[in-house]
Each structure stands twice: as structure tokens, then as C-alpha cells.
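Undergrad: Here is what each chain is made of, one letter per residue.
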Amino acid sequence: MNITSARYKNDPVSGKENDIIIAVINDTEWCVPNNAPKNSHYAEIMRQVAAGELTIADAD
Amino acid sequence: MSKAAELAALIGSQTALSNRNLIINGAMQIAQRGTSFAGLGGNAEAYYAIDRIKHLSGGTSAGRYTATQEAITDLAGFPTALKLACTTEDTSIAAGEFFGISHYFEGQNVQRIQKGYSTAKSLTLSFYVKGNASATYTAELKDTDNSRINGQIFNVTTSWTRVELTYPADTTGKLNNDNALSFALNLYLHAGSTYTGGTFINGTWASEVQANRISSSNTSFYDSTNRTFFITGIQLEVGEVATPFEHESYAATLQKCQRYFQKRVFTDADAIWVGANFNATSAYGVIEHIVTMRAEPSGAYSGTLADYKYYSAANTKTPSTMTINSRNSENSSETHIDWSGDLNSGGAGWLRAVGTNAFVQLEAEL
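Protein sequences appear in the order of chains L and Y.
This note's numbering applies: residue 1 is where the first sequence begins, and numbers increase by one.
This note's numbering applies: residue 1 is where the second sequence begins, and numbers increase by one.
You may find that some hints are simply not true.
Stated by the list, open to error - DSS-like cross-link-like pairs, simulated, lysine-lysine; straight-line CA separation at most 27 Å:
#1 309/Y - 54/Y
#2 309/Y - 38/L
#3 16/L - 38/L
#4 54/Y - 256/Y
#5 256/Y - 309/Y
#6 38/L - 256/Y
#7 174/Y - 256/Y
#8 38/L - 263/Y
#9 38/L - 174/Y
#10 174/Y - 263/Y
Claimed, not checked - Derived DEER-like restraints, expressed as beta-carbon distance ranges:
#11 8/L - 256/Y: 13 to 21 Å
#12 329/Y - 28/L: 16 to 24 Å
#13 119/Y - 28/L: 17 to 25 Å
#14 159/Y - 43/L: 28 to 36 Å
#15 346/Y - 52/L: 19 to 27 Å
#16 159/Y - 58/L: 32 to 40 Å
#17 16/L - 346/Y: 19 to 27 Å
#18 18/L - 158/Y: 23 to 31 Å
Unchecked claim - Residues of chain L clear of chain Y, computed beta-carbon distances all greater than 10 Å:
#19 5
#20 12
#21 32
#22 49
#23 50
#24 54
#25 56
These are computed hints drawn from the structure, not numbers from a lab.
Ideal placement from N, C-alpha and C gives every residue a C-beta, glycine not left out.
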């Protein structure tokens, strides 16, 4: 899975921080649910973060 | 084997007469993501031309290939196949390289194997395959819950051949009964010594040792830009007999695939969702999933923001942002758009496609 960027996005309604992760995966921008370990995109993002291969940028 | 013996074997192995194929989309009918992808390879694993077929690629190989859903007319009963074609060769195979295709199974869908029990069942894998020249590759079953493997080689010729491989029962290691990855079929077409350098497992179940996974006689798919690999009619079933491929309707296969990936394609002015204005500059809507998905999906809109327009109280707005939020479930996804300029807070509205580039895709693959 080729992940070229990732950043958190807050929920504008509830104000919940880091609501989703906007990630470019295999050249497509995906909205990836945060804290969803059964989602394979989320799992791979977290694996790459743990391995030091990817950093998730803060929300704007 | 005579028909009587075949029937006796079926009954003896308690093989189901229907729903016996554990593979989804084995006939390569469904290609929601598209029918042709080029420039594949490198260190990336993903789903491309055929639903439920994951492409495995690791290491730093220079080899590249195309993947297509190929219309075929030389294999009766199978109008489509997955075709892989090498476009950049790699004749210097580094130790850690591998390339292949896989089918991943949820644990709850393979409990019939009874793996890890004293009553564990044998499995028979069958598929039709051909290539531009003779080749030998490796077909591996992997228990990912217990890190156990069993691989066998198979041969490819220039004509369609039905490969039939029986794997013995494994009484070690039960599979989790849930919606996560528990079991995999891996067909390896290229591998370095990290995976071929040991004693090939060759038809027996054992704990995973990387060096024993792939036969040292494996052909490299990347050995020539002439190399092609066609496959269809994949079936994995309980028992020791390869029964005829279990065909099913396009609709039935599509629904099974949509548990893992859904793509909704829209034409000009199609409604995408109906929602409400949360405030003057944003609205929320819900996309109901076509079928219950395996897990909370990721979501993506296609194209550019100009491919969408929001209608509310005789006004239209082109979105300035569009997201699919985390309040998704297996059954629906909440979406959110913003725009500039004011609309009535609390008003209703709907999102429409503009032109023919709009689609929404949801992914909950293993």
C-alpha cells in the first residue's frame, strides 16, 4: 500500500479532534476512519507510523 | 475417476453441492475499480482490476506489469480472466523481492475447514491458467492467525490447463471466528532467496518460515517483457476432489464483492445523496451502503469538486470541500460538504453529479 501523505481532520459539527485521516493511498485521496483497527487503510497507516515510515500531519 | 466414484468422494467428504467455492469472484466477472491498470509493481500491495484479487508486491524489484480484466473466447464457460503482462523486466532478483496475487478470507467464512480440530478437512484448489510460455509458480495456503503455511508448485503452459491441487487437513491452529483476515491463498509469480532459499514446504502444513515458502524452481514473471499470466475459474473447496467450477450469477458475485468494496458511478444530474444544511456554509448527507460492509469503510469521491453540485432552496453551490466522516458504520456513511456563500441553515438539499466523472467508492477490504 503506497501512502504518500496523511493528515488528521477535525469534525466541524462536534469539534471532535482527529475525527478522520485524509490520506493519499495509491494515488487516491481517501477519508479513513480514525481508531478503526479493522479498516485495512487505518491499520496500514498505523503500521507505517509505528515503523517511522509515515507521519500524520495535524489538522488544519 | 468415474462419475460414480466422483459422487462417492463428494458424499464421503461431506462437500456441499452448492456454495462450496470459498473464493469470491473466481470467474473474474467483477471489476468495479476498472478493467485495466498499468505501471504496477514496486513495493505496493493493493486491489486493482479484479475484485477480491489482491496484488502482492514487496522488495525493490524494477519489474512492472499491467493487470487487466481480459475478455477471452478460448475457454468455454469463462468469458473473463485476469491477465498480467510484464512490461519491465527484472532479471536481477534481490533477496527480499516477491510478487503475486492473493485472495484473503474472513475467519468466519472458512470455519467449515475445521482447521485446528481433529476433524479438520482437506482442501482442493483448482483454477484455469495459461501463459506466453511454460512456467512454474507456487500456490500457497496461509493460516494468518497461527502463522502456518502450505505451498505447492503448479505448471503453466501456452494453453488453458486446469490446475488441481489438494492440501491435507491441518489439525494444528484454529481460525478465529470473526470478520478479520484469517486465511489466504497466495499465488507467487516472482520471489527472491529470502522466500526460496530454504527447504520448500511442498504440500505439508508447517509453521511459517520465510525461506521455505516458495519453490526454488519458481519461474520469475519478470524474466521477460513477453511474459503473460492468465487465470480464471479459481475454486477452493473442502474435500480431496476438484469438482466443476461453481458458476453463479453476476448479481450474486457483485453483492459478495460489495461487502469489501462499493463503487457508485453517476451520470450527469444523478442524485448522490439527500441531506440538510447544518449551517449557512455546510451540509451533511448519508450514503446507505448497497450491502452491509465487512467493517467501517474508507471513502473517496472521484474527480474534482466541479463534478458535484449541491441544490438547496432554489440555490446551487459547488462544494469547496467534501469528506466522508468517521461516523460511518458497516451499513451507512456520513458525508459532509462545505461551500462559500450562504444558504439557509436547517434547510434541506441534495448533492448531484455534474458531468460523467463523479463516483463514490467505499472500501473495507481485508
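Undergrad: Identify every previously stated hint that the structure contradicts and give their numbers, smallest first.
TA: 1, 2, 5, 10, 11, 13, 14, 15, 16, 18, 20 and 21
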